[in-house]
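Enquirer: I would like the entire structure built from these sequences, with the hints used as guidance.
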Amino acid sequence: MSSTSSSSLVPRDDRAGQAGRPPSRRALLGVAGLLGLSGCGFRPLYAPITAADGSESDLATELAAVRVGPIHERSGQILRRNLQRRLEDSQPGTPARYMLNVQVVPGIEVLGYRRDGTISRLRYIFTGTWDLATLSVPPQTVARSAIPYRTLDSFNIPDLQFFSADSARDALESRAMEQISEEITRQVALALRRQKETGTATG
Numbered sequence: 001m002s003s004t005s006s007s008s009l010v011p012r013d014d015r016a017g018q019a020g021r022p023p024s025r026r027a028l029l030g031v032a033g034l035l036g037l038s039g040c041g042f043r044p045l046y047a048p049i050t051a052a053d054g055s056e057s058d059l060a061t062e063l064a065a066v067r068v069g070p071i072h073e074r075s076g077q078i079l080r081r082n083l084q085r086r087l088e089d090s091q092p093g094t095p096a097r098y099m100l101n102v103q104v105v106p107g108i109e110v111l112g113y114r115r116d117g118t119i120s121r122l123r124y125i126f127t128g129t130w131d132l133a134t135l136s137v138p139p140q141t142v143a144r145s146a147i148p149y150r151t152l153d154s155f156n157i158p159d160l161q162f163f164s165a166d167s168a169r170d171a172l173e174s175r176a177m178e179q180i181s182e183e184i185t186r187q188v189a190l191a192l193r194r195q196k197e198t199g200t201a202t203g
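Taking our numbering, I'd label the letters of the sequence shown as residues 1 to 203.
Incorrect hints may have been included.
Estimated spans, in silico, between C-beta atoms of each pair [what the hints assert, rightly or not]:
#1 E197 / E109: 37 to 47 angstroms
#2 Q91 / E183: 19 to 29 angstroms
#3 Q140 / R114: 46 to 56 angstroms
#4 E178 / I147: 16 to 26 angstroms
#5 R194 / Q91: 14 to 24 angstroms
#6 R114 / S90: 16 to 26 angstroms
#7 R115 / R85: 36 to 46 angstroms
#8 G117 / V137: 49 to 59 angstroms
#9 Q91 / R115: 52 to 62 angstroms
#10 D116 / P138: 54 to 64 angstroms
#11 P148 / R67: 16 to 26 angstroms
#12 D58 / D116: 30 to 40 angstroms
Since the hints were made in silico from the structure, they are not lab data. Nothing here was measured: the structure is a model prediction, and the numbers come from that model. C-beta: ideal position from N, C-alpha, C; glycine also.
Expert: Put into structure tokens, the structure is as follows:
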């Protein structure tokens with residue numbers, strides 16, 4: 001996507017006048033916000049980790065050391081593949097150090113009916129929970145989901161068009177599993193960063 005410099009949108013005669021103007025209130029607030037975040041210790045999620053013992057490690061490598069356990073049902077299989085792509089497949093060959101167990105529970109709500117009583121619209125609700133443990137003996141719990149993550153989506157069921165309905169349901173399921181995998185990966189990344197920085201695991 002092409003980008004256009006904002007200066008090219010300002011008439012030439014106005015640019016000289018703008019050079020001596022003080023910064024706008026919005027610009028000052030933006031700078032102040034960045035300085036405030038820096039002062040309170042804000043850092044990007046995927047920045048290098050400084051462990052409790054002073055050593056540094058890479059969060060991407062930690063995520064690649066996570067193995068995903070089996071997840072039941074078709075939606076669970078899709079979710080597992082998405083998680084594997086984001087975790088262990090991101091750096092193939094990384095030795096396994098963690099096991100991620102995930103549960104996903106689907107639910108269905110009817111949103112609409114036709115005049116003949118057949119269903120015309122459905123809502124799917126998927127609820128995902130997870131727990132992460134080390135592969136040591138005995139295993140140590142690193143973290144688990146404090147609140148189940150829910151995603152919902154709906155689709156219309158065309159009258160007597162069963163193939164279209166199946167395709168819509170499959171597309172919905174794929175979207176939902178992608179959203180859940182993204183959120184679980186983010187939560188696991190936060191848990192691994194916290195565990196490395198403090199040098200402790202829960203449980």
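Enquirer: A separate judgement is required for each hint: does it hold in the structure or not?
Expert: These are the hints, each one checked on the structure:
1. E197 / E109: 37 to 47 angstroms: With Cβ atoms ~41 angstroms apart, the hint holds.
2. Q91 / E183: 19 to 29 angstroms: 21 angstroms, holds
3. Q140 / R114: 46 to 56 angstroms: 54 angstroms, holds
4. E178 / I147: 16 to 26 angstroms: At roughly 20 angstroms between Cβ atoms, I147 and E178 fall inside 16 to 26 angstroms, so the hint holds.
5. R194 / Q91: 14 to 24 angstroms: 21 angstroms, holds
6. R114 / S90: 16 to 26 angstroms: 46 angstroms Cβ-Cβ, so the 16 to 26 angstroms window is violated.
7. R115 / R85: 36 to 46 angstroms: 45 angstroms, holds
8. G117 / V137: 49 to 59 angstroms: With Cβ atoms ~58 angstroms apart, the hint holds.
9. Q91 / R115: 52 to 62 angstroms: 56 angstroms, holds
10. D116 / P138: 54 to 64 angstroms: Given a distance of about 59 angstroms, which is inside 54 to 64 angstroms, the answer is holds.
11. P148 / R67: 16 to 26 angstroms: Roughly 22 angstroms apart at Cβ, these two residues keep to the hinted range, so it holds.
12. D58 / D116: 30 to 40 angstroms: 59 angstroms, violated
In the structure shown, a violation is registered for the earlier hints numbered 6 and 12, in ascending order.
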